[in-house]
Amino acid sequence: METETLLLNMGPVHPSTHGVLRFKLRMDGEIIRDCQIVVGYLHRGTEKFGEMKTYLQFIPYTDRLDYIAAMPNNYAYVKAVEELAGIEVPLRAEYIRVLVMELNRIINHLVMMGSLLLDLGGSTMIMYGFRERETALQMYEMLCGARMTFNYVKPGGVREDLPEGFMPKLNEFIKDMEKRIVDYEELVNGNEIFLMRTKNIGVISAEEAINYGMTGPSMRGSGVDYDIRKVEPYSIYSDLDFKACMCREGDSYARYLVRVDEMRESLHILRQIADTIPEGKTVNQRYGMAPNTGAPSSVMSYFPRIFTPAEGEVYSRIEAPKGELGFFVASDGTTKPYRVKIRSPSFCNLVALPKMVLGLKIPDLIAAFGTIDIVLGDVDR
Amino acid sequence: MNPAEELKYALPNSVISVGVQTNKPLAVIRKEDLLKVAEKVKEMGFDNLSVITGVDRFDRIEVIYNLFSYKKKQNLALKVILDHSSPEVDSVTSIWKVADWLERETYDLVGVKFNGHPDLKRILLPEGWIGHPLRKDYDMSTEQFVTIGEDGEDIVSTDGSNLLRRK
Amino acid sequence: MAWISRNWTMIGIIKGLIVTMKHILQVGNRKTVTVQYPYERMKVAPRFRGKHAVDEDACIGCGICEVNCPNSTIQIVKYDTRWFPEFNLGMCLFCGLCVDACPMNALKMTGDYELADYTRESLVYGPERILFKKEVSK
Amino acid sequence: MITNAYELIVAILSAIGVYDMILGYFQDMGMEFILKVIIVLVEIAVLLVFVLLTVMFLSWLERKMFAVVQARYGPMVTGPRGLFQPIADGIKLLSKEDIIPATADRWIFTLAPYIVFVSVLLVYIPLPFGESLIVSDLRVGLLYIIAISAVTPVSILLAGWASNNKYSLMGAIRAVAQDISYTIPLAITAIAVVVFVGSLSTVDIVNAQQGYWFGIIPKWFIFLQPLGFILFLIACIAEMGRIPFDFQESEQELVAGFFTEYSGMKFAMFFLAEYAHLFAVSGIIVTIFLGGWTGPAIPIIPIQITSLIYFIIKTYAVIFFAMWLRDTVPRVRIDQLLHIGWKIMIPLALLNLLVAAFVVTAGVI
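Residue numbers (our numbering), protein chains in the order written: chain A, 1 to 381; chain B, 1 to 167; chain C, 1 to 138; chain D, 1 to 365.
Hints are computed from structural coordinates only; laboratory data are not their basis. Note that the structure is predicted; figures quoted are calculated from it, not measured. Glycine residues also receive a C-beta, built at the ideal position from the N, C-alpha and C atoms. A hint or two may mislead.
What the hints assert, rightly or not - Using C-beta positions, here's what the derived DEER-type ranges look like:
#1 S85/B / L8/A: 41 to 51 Å
#2 V35/C / I38/D: 50 to 60 Å
#3 D117/C / E134/A: 24 to 34 Å
With the hints as constraints, model all of the structure from the sequences given.
Set out below in structure tokens:
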């Protein structure tokens with residue numbers, strides 16, 4: 001029988017596109033014959049902002065890239081700037097940075113699990129995820145005064161030291177979280193319907209994943225043993241004991257499992273940090289901005305220095321919760337970066353999606369899309 | 001011997017100079033030979049194209065390819081230098097699939113034309129946008145208004161005439 | 001499909017049902033975590049970055065906050081006889097850079113986060129709405 | 001012997017001693033049939049009020065239970081613990097603008113929600129709420145219920161087609177595919193019960209479940225046919241279109257399925273139909289497998305009241321299960337659903353029927 005393909009426009013306003021993504025689907029009944037992705041509805045010109053603001057002023061804008069997990073964005077940019085200017089960071093500051101980033105990784109994966117399950121129709125998981133996320137966000141609020149847009153990591157250190165009562169709360173969170181992950185696994189992992197929906201859906205092989213530029217947990221789900229924290233250890237990751245989680249299948253379920261395991265690993269890292277965090281300064285006084293809590297007499301020692309890194313360019317990358325987050329920063333020796341380029345993990349991971357979903361059905365598109373775990377603020381910048 | 005020098009050794013005519021990008025080896029490539037170099041580099045094990053960056057340097061436009069090898073765990077940066085007036089370079093989409101979107105983005109924001117790209121059109125900005133924002137000579141003072149037309153296409157104007165509620 | 005025939009016992013679903021039942025029966029420490037917002041509010045942390053406040057005595061109107069603001073939120077305006085910052089909170093990122101930059105320690109951010117308003121103009125917080133006098137301890 | 005609600009009303013009126021008087025009055029006018037019509041109208045009014053109240057309560061219960069499972073409060077503001085929230089919602093929906101898309105087929109678009117609601121309401125007719133609390137004890141009650149249920153997909157298809165929206169159309173097509181493939185196991189499993197009872201009448205089915213085996217286990221068909229019960233339950237949940245089988249409106253895929261374009265009162269109609277259907281289907285499950293209104297008799301209180309209470313308790317137990325399931329599991333895929341329906345449910349249902357027929361023919365019970 002001769003049939004006509006249906007052009008279905010999914011998004012930019014659609015419940016499961018996680019924002020303003022648009023799929024142009026060519027459907028044969030329920031089967032996807034062609035998938036085109038249209039992005040850019042949330043483009044805010046962050047890279048142009050980077051050229052227009054000073055090095056310090058651009059940090060708040062990086063918060064707005066991946067707003068689910070903003071701390072790695074802060075850190076990735078600051079790391080690039082530090083490499084460019086050759087700034088030393090006190091050890092305690094490094095510990096705090098890793099602490100907040102791993103906490104953010106847990107938050108990100110909780111949100112991802114929740115939204116994946118919500119996309120598949122199970123609406124309870126997201127609330128459980130958000131419940132634990134709330135505890136973590138309150139910790140961030142104690143730490144830096146904001147819940148999602150932190151502006152916390154600064155060149156040469158961090159903005160403020162850990163507040164009183166942070167460590168007990170962290171320990172409580174770790175203990176609580178361990179129990180809760182078991183809960184999630186019981187609720188989701190073995191659920192036959194969940195398995196039916198995610199097993200063998202959106203399969204991508206290791207070679208293809210690499211060629212399509214996938215990174216992070218999405219790629220490790222395909223069996224590439226690659227974690228920037230392991231391969232190019234930055235900050236204090238070389239001192240920490242953790243493993244890069246990996247699954248071989250390359251389907252949606254594998255990508256999901258990688259993230260559950262990563263939450264465990266992150267908890268493990270948090271526990272190590274809670275045990276071994278050293279005392280000391282949290283900021284390199286020469287470059288950093290100390291919190292302005294001193295008496296007015298000590299004005300000058302707290303005054304922020306203006307950066308003028310030497311001419312040069314740097315590409316520095318970290319393992320953000322969603323994948324490889326890189327910042328290319330070029331300096332021309334003035335107070336503002338000459339060029340800031342953001343290599344966002346969501347953007348590059350999305351390239352592989354049309355490949356994954358060809359020949360599958362709309363519900364599979366949503367399952368595959370949910371496990372790639374993108375944030376539109378990160379895609380469109 | 002770092003990968004950039006290796007590359008220089010393998011393709012002496014294509015590599016103009018070898019340097020560093022802060023802590024990563026950098027090779028400056030003749031723009032005509034980019035495709036050849038890319039194939040060679042892929043052979044050398046650089047299977048991951050991290051990012052393509054276009055930088056407007058007033059008199060020239062640089063396009064920087066940051067590569068990573070999963071096998072050797074090595075970094076390499078390639079740089080091509082293009083004319084400012086008509087920046088054109090070969091597309092590497094055939095070698096790294098991820099270059100598809102990265103090149104479109106560079107085309108969109110910096111205005112580098114990639115020859116041989118299967119679908120070179122704007123990605124982040126709407127079709128019909130005037131200028132390339134990350135060029136240093138981009139006119140920031142002109143406002144542009146975007147609406148979506150009947151068939152989902154983007155309509156751009158500078159005077160707001162396409163807006164439903166006129167400005 | 002094979003999954004159904006292989007796992008016809010549906011143990012996974014039953015496990016999940018037990019988890020949700022635990023929540024229905026409120027077994028263990030599984031209290032309601034949300035709050036009834038307009039009637040009860042969550043306590044914000046002392047470092048919370050909300051609406052700005054300027055110490056009337058300490059502020060010298062130097063404009064360093066204005067320079068440091070990434071989004072041109074701050075403008076120095078004349079109020080009475082002295083110069084004070086004026087905040088256009090509609091543009092504020094609440095990043096706290098102005099607080100960090102203040103040489104006289106006059107700026108701080110309060111826990112006031114309910115800033116929604118009907119017009120853009122009313123989001124401009126002039127000195128009359130942000131000045132406060134530090135209580136001098138005796 | 002009172003057999004249906006009409007006779008019950010007559011009996012109550014006679015007990016008070018006014019029936020003869022009213023009847024005489026109408027007979028004087030020679031319009032006895034008008035009295036009959038009035039009584040039937042009263043029945044309909046009572047049923048309608050009952051359904052509306054149930055729908056309100058169910059929508060509150062669903063949200064509240066959802067909230068409890070998810071460690072939230074749920075509706076809290078309107079009324080005690082938010083009990084009047086459905087009323088507030090209803091007022092909101094009534095006062096909303098009734099939008100008909102420009103390209104929609106106006107008549108069908110307007111008609112479809114009412115067909116859905118009426119077809120669901122008609123299911124209540126042979127539903128025995130209690131001893132003699134039944135609108136009409138049809139002799140083909142079970143067949144009637146299955147037949148009326150098959151009207152719903154037609155109206156959903158009308159709604160989806162008339163909306164002139166791709167998502168609506170896909171939702172409607174899914175709904176039809178789903179309803180067709182699940183009505184078959186539903187019917188076959190019900191027939192297995194009919195084989196035992198020997199009658200299609202719902203009252204007969206309930207009566208057949210009275211009494212106890214060994215003095216303890218009630219003679220419910222769930223114990224006789226556990227497989228049949230599970231199949232029937234799954235088929236019913238699919239029939240209702242609830243998670244894990246809610247394709248017709250699967251929000252994350254099709255925005256809102258067949259009622260994407262609906263708003264205001266028409267949307268409220270779909271909403272009413274959904275919850276009315278939930279109660280009706282749960283009632284049918286109770287009637288067929290859980291002994292209907294049967295239960296230990298309590299002295300003094302008339303059986304009509306105790307049986308009604310038993311019926312409602314059992315029905316809410318089934319509803320609770322459906323809601324609990326909804327809170328826990330994700331949605332299966334449409335093709336998987338059809339696979340389950342055709343390749344697992346129907347063979348199992350046939351097997352169940354075969355065993356039942358064998359048992360009855362052999363005269364084991």
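Results for each hint:
Taken as a hint, the range 41 to 51 Å holds for the pair S85/B and L8/A, whose Cβ atoms sit roughly 43 Å apart. For the pair V35/C and I38/D, the supplied restraint of 50 to 60 Å holds, since their beta-carbon distance comes to about 53 Å. One distance hint, 24 to 34 Å for the beta-carbon pair D117/C and E134/A, holds here, with the actual separation near 27 Å.
The structure fails none of the hints (numbered hints given earlier).
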